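Q: Residue-level listing of the chains:
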Amino acid sequence: DTGVSQDPRHKITKRGQNVTFRCDPISEHNRLYWYRQTLGQGPEFLTYFQNEAQLEKSRLLSDRFSAERPKGSFSTLEIQRTEQGDSAMYLCASSLGGPQRGANYNEQFFGPGTRLTVL
Amino acid sequence: RKEVEQDPGPLNVPEGATVAFNCTYSNSASQSFFWYRQDCRKEPKLLMSVYSSGNEDGRFTAQLNRASQYISLLIRDSKLSDSATYLCVVNRGGADGLTFGKGTHLIIQP
Numbered sequence: 002d003t004g005v006s007q008d009p010r011h012k013i014t015k016r017g018q019n020v021t022f023r024c025d026p027i028s029e030h031n032r033l034y035w036y037r038q039t040l041g042q043g044p045e046f047l048t049y050f051q052n053e054a055q056l057e058k059s060r061l062l063s064d065r066f067s068a069e070r071p072k073g074s075f076s077t078l079e080i081q082r083t084e085q086g087d088s089a090m091y092l093c094a095s096s097l098g099g100p101q102r103g104a105n106y107n108e109q110f111f112g113p114g115t116r117l118t119v120l
Numbered sequence: 014r015k016e017v018e019q020d021p022g023p024l025n026v027p028e029g030a031t032v033a034f035n036c037t038y039s040n041s042a043s044q045s046f047f048w049y050r051q052d053c054r055k056e057p058k059l060l061m062s063v064y065s066s067g068n069e070d071g072r073f074t075a076q077l078n079r080a081s082q083y084i085s086l087l088i089r090d091s092k093l094s095d096s097a098t099y100l101c102v103v104n105r106g107g108a109d110g111l112t113f114g115k116g117t118h119l120i121i122q123p
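In order, the protein sequences belong to chains A and B.
First residue of the first sequence: 2, per the numbering used here; consecutive thereafter.
First residue of the second sequence: 14, per the numbering used here; consecutive thereafter.
If you are wondering where the hints come from, they were derived from the structure by calculation, not from laboratory data.
Certain hints may be false.
[Unchecked claim] In silico BS3-like links for lysine-lysine, alpha-carbon gap of 27 angstroms or less:
#1 K12/A with K15/B
#2 K58/A with K92/B
#3 K58/A with K115/B
[What the hints assert, rightly or not] Here are a few chain A residues that face chain B, going by a calculated C-beta distance under 10 angstroms:
#4 Y34
#5 F66
#6 F75
#7 G112
#8 G114
#9 R116
[Stated by the list, open to error] The following label-pair restraints were derived from C-beta to C-beta distances:
#10 A54/A with R72/B: 38 to 44 angstroms
#11 K15/A with K15/B: 30 to 36 angstroms
#12 P71/A with R54/B: 27 to 33 angstroms
#13 S63/A with K92/B: 23 to 29 angstroms
#14 N35/B with L56/A: 42 to 48 angstroms
#15 N52/A with F73/B: 30 to 36 angstroms
#16 E16/B with E84/A: 22 to 28 angstroms
#17 R105/B with S6/A: 25 to 31 angstroms
Please read all numbers here as calculations on a predicted model, not as lab measurements.
In this text, a Cβ means the ideal position worked out from N, Cα and C, and glycines have one as well.
For reference, chain A alone in the conformation it holds in the complex (with noise of 0.2 angstroms):
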């Protein structure tokens, strides 16, 4: 499988707990994304590489959260002291910048997201 892939599916954790979760790319893409989904919500943008870059970040995006990409590949996306509102799906998604794509290059493809509950 050669889609984005994520790690872990599933996390619990007790309220104040520091918790890191995983995301592998597609291969060629450049770009990777992090994405915060609740029930009923779509999915909220917190962060996005380009290369190691981090070049955006959300005002969601608290001083309890932070996220990586050191070589430019994979990412992790650590949350510190967590709460109960941080109670979410957690999603990444990838896409290959560049204009030679046409008007929409920006096509993000997801992985299947973990999802972390905050007891």
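Model the placement of chain B on the given structure of chain A, informed by the hints.
A: Here is chain B on its own, set in the frame of chain A:
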């Protein structure tokens, strides 16, 4: 006003019928438009991009009206397997994150 607005549904439609989804967006600087499909407890999957001239892919037709900031999706001859949530998505262009609507839940009834 929300950036992307959709009627949440649910839409209950008999198999074989034509289904229409509508969406409006508020940011006139938006440059890219998509429809994603999301099955229950699964990730969103790209259904189709939406081009200014309108585009068709089999039973699916997407239209964009930039003046009205309105996007539509039509599904003809609906199948049971079309049951899902359909998400309207816009992008400001470049490498920006996508902005999703809440989605419209579609139920195709036999």
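Q: Does each hint fit the structure? Answer for all of them.
A: Verification of the hints:
1. Restraint check for K12/A and K15/B: not satisfied, since their Cα atoms lie roughly 31 angstroms apart, outside the 27 angstroms limit.
2. This hinted pair does not check out: K58/A and K92/B have alpha carbons roughly 40 angstroms apart, beyond 27 angstroms.
3. At most 27 angstroms may separate the alpha-carbon atoms for a hinted pair to count; K58/A and K115/B meet this at roughly 21 angstroms.
4. The restraint placing Y34/A at the interface with chain B holds, with a minimum CB-CB distance near 6 angstroms, inside the 10 angstroms limit.
5. Contact between F66/A and chain B, as hinted, is not supported at the beta carbon level, the nearest pair being about 14 angstroms apart and thus beyond 10 angstroms.
6. The criterion of a C-beta within 10 angstroms of any C-beta in chain B is not met by F75/A, whose closest approach is roughly 17 angstroms, and the hint is violated.
7. With a least beta-carbon distance of about 6 angstroms to chain B, the hint placing G112/A at the interface is held under the 10 angstroms criterion.
8. With its C-beta approaching chain B no nearer than about 5 angstroms, G114/A sits inside the 10 angstroms limit, and its interface hint holds.
9. Using the Cβ-Cβ criterion of 10 angstroms, the hint placing R116/A at the interface with chain B is satisfied: the shortest such distance is roughly 8 angstroms.
10. Hint check: A54/A to R72/B, Cβ distance near 41 angstroms, so the stated range 38 to 44 angstroms holds.
11. About 34 angstroms separates the C-beta atoms of K15/A and K15/B, a value consistent with the hinted range of 30 to 36 angstroms.
12. Separation of P71/A from R54/B is about 31 angstroms and conforms to the stated range, judged on CB atoms against 27 to 33 angstroms.
13. In this structure, S63/A and K92/B break the distance hint of 23 to 29 angstroms, their C-beta atoms being roughly 43 angstroms apart.
14. In this structure, N35/B and L56/A break the distance hint of 42 to 48 angstroms, their C-beta atoms being roughly 32 angstroms apart.
15. Between N52/A and F73/B the beta carbons are some 34 angstroms apart, a value that agrees with the proposed interval 30 to 36 angstroms.
16. Remark: the range hint 22 to 28 angstroms for E16/B to E84/A is upheld by a beta-carbon distance near 25 angstroms.
17. Between R105/B and S6/A the C-beta distance comes to about 28 angstroms, which sits within the given range of 25 to 31 angstroms.
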